[in-house]
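Protein chains in written order, with the working numbering: chain Y, 1 to 345; chain L, 1 to 297.
Please keep in mind that the hints were generated in silico from the structure rather than gathered at the bench.
C-beta atoms are modelled at their ideal positions from N, C-alpha and C, and glycine is treated no differently.
Treat the hints with care, as some may be off.
With beta-carbon atoms standing in for the labels, derived distance ranges [unchecked claim]: (1) Y/269 - L/62: 39 to 49 Å; (2) Y/212 - L/55: 25 to 35 Å; (3) Y/212 - L/126: 24 to 34 Å; (4) Y/85 - L/73: 39 to 49 Å; (5) L/154 - Y/281: 54 to 64 Å; (6) Y/204 - L/73: 44 to 54 Å; (7) Y/342 - L/150: 28 to 38 Å; (8) L/62 - Y/85: 25 to 35 Å.
Using 27 Å as the maximum straight-line C-alpha spacing, the simulated DSSO-like pairs for lysine-lysine come out as follows [claimed, not checked]: (9) L/158 - Y/330; (10) Y/344 - L/57; (11) L/56 - Y/126; (12) L/57 - Y/194; (13) Y/126 - L/57; (14) Y/249 - Y/145; (15) Y/330 - Y/76; (16) L/158 - Y/202; (17) L/158 - Y/76; (18) Y/330 - L/56; (19) Y/201 - L/158; (20) L/57 - Y/263; (21) L/70 - Y/219; (22) L/57 - Y/330; (23) L/56 - Y/344; (24) Y/81 - L/56; (25) Y/186 - L/57; (26) L/158 - Y/341; (27) Y/194 - L/70; (28) L/57 - Y/341; (29) Y/186 - L/56; (30) L/158 - Y/145.
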Amino acid sequence: MSDVTLKRRALLGGTAALAFGAPYIARAQDNKRIVVGTWGGDYSRLLAKNIETPLLVPKGWDVIKDEAGDPPRRAKVLAEKSLRRGTSDIQGVSAANMYEMNEQGTILQLDYSKIANAKNLIPAMKYPYGVGHIYSGKVGLYNPKLMAAPTSFAEVLDPKHGNKLGIIDIQYQYTMLAASLAAGGKVGNFEPGKALLVACKKAGARIYPSNEAFAQALKTEEIACGIMWKARAVQWQNAGINVQTIAPKEGVPMYVSGFVVPKNAPNKDGSYAYLNAMLEASAQEGFAKDMGYNPTVTNAKVPDELRKRIGFTDEEQKRLVDLDYGYMAKNDSAFKEWWDKSFKG
Amino acid sequence: MTDTALAHAPAADRRRGEGLTAGMLIVPASIFVAFCLLAPLAILFRYSLNEFVTTKKMMVEAVTLANYVKFFTDPYYTTILGVTVRVAVTVTAVCLVLGFPLAYVVARTQSRFKHLLIIAIVLPLFVGNAVRAAGWMTVFGSRGFLNTTLQWLGLIDKPLEIMFTETAVIVGIIAVNLPFMVLSLQSVIEGIDRSVEEAAFSLGAPPGTMFRRVLWPLALPGILAGTILTFILAMNAYATPFLLGGPLFKMMAPLIYNQFTQQTNWPFGGAIAFILMTVTLGLTMAANLLIQRRRAS
Numbered sequence: 001m002s003d004v005t006l007k008r009r010a011l012l013g014g015t016a017a018l019a020f021g022a023p024y025i026a027r028a029q030d031n032k033r034i035v036v037g038t039w040g041g042d043y044s045r046l047l048a049k050n051i052e053t054p055l056l057v058p059k060g061w062d063v064i065k066d067e068a069g070d071p072p073r074r075a076k077v078l079a080e081k082s083l084r085r086g087t088s089d090i091q092g093v094s095a096a097n098m099y100e101m102n103e104q105g106t107i108l109q110l111d112y113s114k115i116a117n118a119k120n121l122i123p124a125m126k127y128p129y130g131v132g133h134i135y136s137g138k139v140g141l142y143n144p145k146l147m148a149a150p151t152s153f154a155e156v157l158d159p160k161h162g163n164k165l166g167i168i169d170i171q172y173q174y175t176m177l178a179a180s181l182a183a184g185g186k187v188g189n190f191e192p193g194k195a196l197l198v199a200c201k202k203a204g205a206r207i208y209p210s211n212e213a214f215a216q217a218l219k220t221e222e223i224a225c226g227i228m229w230k231a232r233a234v235q236w237q238n239a240g241i242n243v244q245t246i247a248p249k250e251g252v253p254m255y256v257s258g259f260v261v262p263k264n265a266p267n268k269d270g271s272y273a274y275l276n277a278m279l280e281a282s283a284q285e286g287f288a289k290d291m292g293y294n295p296t297v298t299n300a301k302v303p304d305e306l307r308k309r310i311g312f313t314d315e316e317q318k319r320l321v322d323l324d325y326g327y328m329a330k331n332d333s334a335f336k337e338w339w340d341k342s343f344k345g
Numbered sequence: 001m002t003d004t005a006l007a008h009a010p011a012a013d014r015r016r017g018e019g020l021t022a023g024m025l026i027v028p029a030s031i032f033v034a035f036c037l038l039a040p041l042a043i044l045f046r047y048s049l050n051e052f053v054t055t056k057k058m059m060v061e062a063v064t065l066a067n068y069v070k071f072f073t074d075p076y077y078t079t080i081l082g083v084t085v086r087v088a089v090t091v092t093a094v095c096l097v098l099g100f101p102l103a104y105v106v107a108r109t110q111s112r113f114k115h116l117l118i119i120a121i122v123l124p125l126f127v128g129n130a131v132r133a134a135g136w137m138t139v140f141g142s143r144g145f146l147n148t149t150l151q152w153l154g155l156i157d158k159p160l161e162i163m164f165t166e167t168a169v170i171v172g173i174i175a176v177n178l179p180f181m182v183l184s185l186q187s188v189i190e191g192i193d194r195s196v197e198e199a200a201f202s203l204g205a206p207p208g209t210m211f212r213r214v215l216w217p218l219a220l221p222g223i224l225a226g227t228i229l230t231f232i233l234a235m236n237a238y239a240t241p242f243l244l245g246g247p248l249f250k251m252m253a254p255l256i257y258n259q260f261t262q263q264t265n266w267p268f269g270g271a272i273a274f275i276l277m278t279v280t281l282g283l284t285m286a287a288n289l290l291i292q293r294r295r296a297s
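Produce the entire structure from the sequences given, and follow the hints as far as they go.
Shown next as structure tokens:
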């Protein structure tokens, strides 16, 4: 009988130890685990190819991806705001969304002393709450077989193109900005562009749900022109689509994609390790070559021929314009409402 | 208490014992539903009464009906509700018309391949809605299978605009919902004795009259189950309208998703979700009552 009691006690004790100890064991394993929120597809694949596999895995880091578009990932971070431990260590979002997340109080103010490679970072890519990973510019795209080269946003977003003009639904902010610049507006005022967009829509402009659907339409020659990141155009050129780009004379709005760290990230050491690895020159060069985006560090070496295709000439660089993130964040709901009701509706 | 003792226990005790057992059996499912469905619904309803600060994209605690008022006073949103109901009713009607003959054939066939027929009907359900919608995209695109074939046959000069239209969405949802309708009808028709149809014929009823006076009334429970199921699924369709409807076509479920994720406007998203749920429940109950009354009369 006593043997049975002992066994039972031992069993109970062992179970309790396991139950109480398991989270600590799991947490110990978590210390080398980095959960990365990112878009899927090419971007995620290239993060693995250029950052995770060559730079983090050899150091013992275990990288897990949470792949989704940025709106659901941002909603998730917001939903987890009150939790002590969130479910992701780092999130990839655009500069505009970095600003918005910071306004919502969900992301960490970064300690740049923990990111050794940040010493090479272009100053404009160093946000207090996030790090710019890659950048490109919004340019005009056209099919040289179907039309003459435009020189400006005004010549691309022209109702005369009728249904040969393509517009991407999810790019509503940048499309409104480009239309505003075309109509004489500026980065902090989208109002002047609204009438132009409505005129384009009335003339038959086609609206596509995603960047990929827009690329497909360019490929099938359903459309002849539109606006998009220069980097994407380079990718599509590589895929055999007959498309050329122009740096609009009104200005080239910059697109910065970067990473932020949720305040309740379970493994902040992992977050900083990831930020540091993504700024390694080799990783940045890989993204320039594979994805057509410009490096955000000054020590990355991009071959001249590639730089010509993905980058901007000295004269064009003068036309690069950063966005008014405060204006965009403050008015985003109003922009989207106008876009859905008045433009698309 | 042994089995023998239970068997000899008074009937009232036995019933109490069975009642307790039955009660215990429903406890796990009830707890699951309470925590996983009712609790989130309660939270969502509370959110729908909150305010949303557009300039900061933040939810602020309040108790207001403003979100519900906004929906019903803005024609943009009421039109989306109208389109959703229109699509759901069209899909349900087409599924019933297409599904009834198919269900009848499957129910009445004596073929040894009957099980293969049923598997063929169920087979589309093995593929997710999004994947199926992607398949339709390759059919409906301007350079898709349909347009290429029609152009090759010389029937059209330029591609038909099918993709990103209401037609594409209706076709896509019908393809998703038809198996549900057929299976609901088939199981009920199988339970209707063939001899009642033969009796109608032997009394001189033509096929149309037999269908109207005998088959249809007896199949009403299956029709009701099938239409309710199809209607609810169509009202709440997300992947098909999102992928085949494109940016200009709007239904309620994609609108809710957009409010939650893109706008982070949870109060308004919550309100729209409750409006959709209430309208769906209301219309379903109204149809149920109507059919029950007709059946009784």
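For each hint, the structure was consulted:
1. Y/269 - L/62: 39 to 49 Å: With a Cβ separation near 40 Å, residue 269 of chain Y and residue 62 of chain L satisfy 39 to 49 Å, so the hint holds.
2. Y/212 - L/55: 25 to 35 Å: 32 Å, holds
3. Y/212 - L/126: 24 to 34 Å: 26 Å, holds
4. Y/85 - L/73: 39 to 49 Å: 42 Å, holds
5. L/154 - Y/281: 54 to 64 Å: 59 Å, holds
6. Y/204 - L/73: 44 to 54 Å: Roughly 32 Å apart at Cβ, these two residues miss the hinted range, so it is violated.
7. Y/342 - L/150: 28 to 38 Å: 35 Å, holds
8. L/62 - Y/85: 25 to 35 Å: Since the Cβ atoms of residue 62 of chain L and residue 85 of chain Y sit about 29 Å apart, the hinted range of 25 to 35 Å holds.
9. L/158 - Y/330: 44 Å, violated
10. Y/344 - L/57: 22 Å, holds
11. L/56 - Y/126: 23 Å, holds
12. L/57 - Y/194: Given pair residue 57 of chain L, residue 194 of chain Y holds - Cα atoms ~23 Å apart, limit 27 Å.
13. Y/126 - L/57: 24 Å, holds
14. Y/249 - Y/145: 22 Å, holds
15. Y/330 - Y/76: Holds - the C-alpha atoms of residue 76 of chain Y and residue 330 of chain Y are around 21 Å apart, at most 27 Å.
16. L/158 - Y/202: 21 Å, holds
17. L/158 - Y/76: 45 Å, violated
18. Y/330 - L/56: 6 Å, holds
19. Y/201 - L/158: 21 Å, holds
20. L/57 - Y/263: 18 Å, holds
21. L/70 - Y/219: The given pair, whose Cα atoms are some 42 Å apart, is violated under the 27 Å limit.
22. L/57 - Y/330: 8 Å, holds
23. L/56 - Y/344: 24 Å, holds
24. Y/81 - L/56: 15 Å, holds
25. Y/186 - L/57: Given pair residue 186 of chain Y, residue 57 of chain L holds - Cα atoms ~23 Å apart, limit 27 Å.
26. L/158 - Y/341: 30 Å, violated
27. Y/194 - L/70: With Cα atoms ~24 Å apart, residue 194 of chain Y and residue 70 of chain L stay inside 27 Å; holds.
28. L/57 - Y/341: 19 Å, holds
29. Y/186 - L/56: Holds - the C-alpha atoms of residue 56 of chain L and residue 186 of chain Y are around 22 Å apart, at most 27 Å.
30. L/158 - Y/145: 20 Å, holds
Taken one by one, the earlier hints fail for this structure at numbers 6, 9, 17, 21 and 26, listed in ascending order.
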